[in-house]
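Protein chains: 2
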Amino acid sequence: MAERLILHEDAVSGNCYKIRLTAALLTIPLERRGYDILAGETRTPAFLATVNPNGRIPVLQIGDRFLPESNAACHWLASESALIPSDRFDRADMLRWMFWEQYNHEPNIATLRFWRSIVGEARLTEVQRALVPGKEAAGADALALMERHLAGQDWFVGEGASLADICLFAYTHVAGEGGFAMAAYPAIGAWLDRVRHLPGFVALDAR
Amino acid sequence: MAERLILHEDAVSGNCYKIRLTAALLTIPLERRGYDILAGETRTPAFLATVNPNGRIPVLQIGDRFLPESNAACHWLASESALIPSDRFDRADMLRWMFWEQYNHEPNIATLRFWRSIVGEARLTEVQRALVPGKEAAGADALALMERHLAGQDWFVGEGASLADICLFAYTHVAGEGGFAMAAYPAIGAWLDRVRHLPGFVALDAR
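As given, the protein sequences belong to chains A and B, one line each in that order.
Numbered according to the numbering used here, the first sequence spans residues 1 to 207.
Numbered according to the numbering used here, the second sequence spans residues 1 to 207.
Hints listed in this document are in silico derivations from the structure and should not be mistaken for laboratory results.
It should be emphasised that the depicted structure is a prediction, and the values quoted were computed from it without experimental measurement.
Treat each hint with caution, since some may be false.
[Stated by the list, open to error] Simulated restraints, written as ranges between beta carbons of each label pair:
| # | chain 1 | residue 1 | chain 2 | residue 2 | range |
| --- | --- | --- | --- | --- | --- |
| 1 | B | 80 | A | 154 | 43 to 49 Å |
| 2 | B | 128 | A | 184 | 47 to 53 Å |
| 3 | A | 79 | B | 117 | 52 to 58 Å |
| 4 | A | 11 | B | 134 | 23 to 29 Å |
| 5 | A | 46 | B | 141 | 46 to 52 Å |
| 6 | B | 186 | A | 46 | 23 to 29 Å |
| 7 | A | 29 | B | 80 | 27 to 33 Å |
| 8 | B | 121 | A | 134 | 15 to 21 Å |
| 9 | B | 122 | A | 134 | 55 to 61 Å |
| 10 | A | 2 | B | 80 | 23 to 29 Å |
| 11 | A | 130 | B | 160 | 43 to 49 Å |
| 12 | B | 44 | A | 120 | 23 to 29 Å |
| 13 | B | 199 | A | 154 | 42 to 48 Å |
[Stated by the list, open to error] To list a few chain B residues with every Cβ distance to chain A over 12 Å, as calculated:
| # | residue |
| --- | --- |
| 14 | 44 |
| 15 | 65 |
| 16 | 79 |
| 17 | 92 |
| 18 | 93 |
| 19 | 114 |
| 20 | 199 |
| 21 | 200 |
| 22 | 207 |
C-beta: ideal position from N, C-alpha, C; glycine also.
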């Protein structure tokens, strides 16, 4: 792989961690460039003009091209690797879980973790406070669906780890920081341990 | 293609329409099975047990297997077709727009259309009403980002139509039903017309 890879990130973000974990499992070297979301560093004119017009991290820079969206960046890194199933149905089913993660899991579980462990409850707006009960319920529904799925199989798709597992691991393993009582989900707990034992695994706070 | 394909859907849903449009452009026959979301038909025990434990449509049934998530179903249908770019970066960039659609576009633009044109403003809950201004702003931001992108190129990725265009067309072409003033986005308007002229195009309300 000739092109230089730079991850534009905030180290506490689970979405950024997905990309670091995918790269580590595939032994692909990544440079890291940090931004502080709370300080608005991803909304500066320079960032919007060059890195991501959407004002968000992570962005994977591949040579002089920029790829936003965590799950798309993981997909680029894992192209032609065993982290993407070769079977047509399994490949689409992996994407199914990745889209589900962004729509049903991340906006509830990651957002509550961000509000409670990073922003702080005292700083939430009125509208954010009004959303908490709905996000608690939807997050618990998402975890319950994962628990039922994992009661019957070791990995989300097929017989081995895929990007679906990596992308779901990122915010599930810190769901407790959002207030979710993870002891209620033993099959999720066993799956989290399986991911932690993948060769090359790195933790969220690894430098 | 030997397996029978059944789309479990609600005909007014843009997410379901994406799948019909992809199949039509690829001349793949689909059977359609309708459910009324407002009547709770996707939350019955039978639906949850067999079609989708997440209680949502669309679901693409492929033989006896079920594939939820609209963008994943489109990806299955388009496997090996020109609607998925062959270049590695472009393929990931297509997914980038599809993830962006589910995270930044659909929850704002599709939700406001659903609330205003299908549920009706008078029936919204207090929490939903509180969310309207934020969704109006975020939806306008999403449209502005699309407008800037399309001012420089005919299609979202590369030189031709891909799943990114199909998946973004579905709710953009009815954004006016959510209250967005689409005349403000001429590049989007020209792109919508390019999609409408793709060979095999079908409209949302085609039977």
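Results of checking the hints against the structure:
1. 80(B) <-> 154(A): 43 to 49 Å: violated, 29 Å
2. 128(B) <-> 184(A): 47 to 53 Å: violated, 29 Å
3. 79(A) <-> 117(B): 52 to 58 Å: Since residue 79(A) and residue 117(B) have Cβ atoms about 40 Å apart, the given range 52 to 58 Å is violated.
4. 11(A) <-> 134(B): 23 to 29 Å: The hint (23 to 29 Å, Cβ to Cβ) holds, given that residue 11(A) and residue 134(B) are roughly 27 Å apart.
5. 46(A) <-> 141(B): 46 to 52 Å: About 19 Å separates the Cβ atoms of residue 46(A) and residue 141(B), which means 46 to 52 Å is violated.
6. 186(B) <-> 46(A): 23 to 29 Å: holds, 28 Å
7. 29(A) <-> 80(B): 27 to 33 Å: The hinted range 27 to 33 Å holds for residue 29(A) and residue 80(B), with Cβ atoms some 32 Å apart.
8. 121(B) <-> 134(A): 15 to 21 Å: holds, 19 Å
9. 122(B) <-> 134(A): 55 to 61 Å: With Cβ atoms ~21 Å apart, the hint is violated.
10. 2(A) <-> 80(B): 23 to 29 Å: holds, 28 Å
11. 130(A) <-> 160(B): 43 to 49 Å: The hinted range 43 to 49 Å holds for residue 130(A) and residue 160(B), with Cβ atoms some 44 Å apart.
12. 44(B) <-> 120(A): 23 to 29 Å: Violated - the Cβ-Cβ distance for residue 44(B) and residue 120(A), about 41 Å, lies outside 23 to 29 Å.
13. 199(B) <-> 154(A): 42 to 48 Å: holds, 44 Å
14. 44: holds, 16 Å
15. 65: With a cut-off of 12 Å, residue 65(B) comes too close to chain A, as the shortest Cβ separation is near 6 Å.
16. 79: violated, 5 Å
17. 92: Given a closest Cβ separation of 4 Å, the condition is violated.
18. 93: Violated, since 6 Å does not exceed 12 Å.
19. 114: Holds, since 14 Å exceeds 12 Å.
20. 199: holds, 24 Å
21. 200: Fine: 21 Å to the nearest Cβ keeps residue 200(B) off the interface.
22. 207: holds, 26 Å
In this structure, the hints that do not hold are numbers 1, 2, 3, 5, 9, 12, 15, 16, 17 and 18, in rising order.
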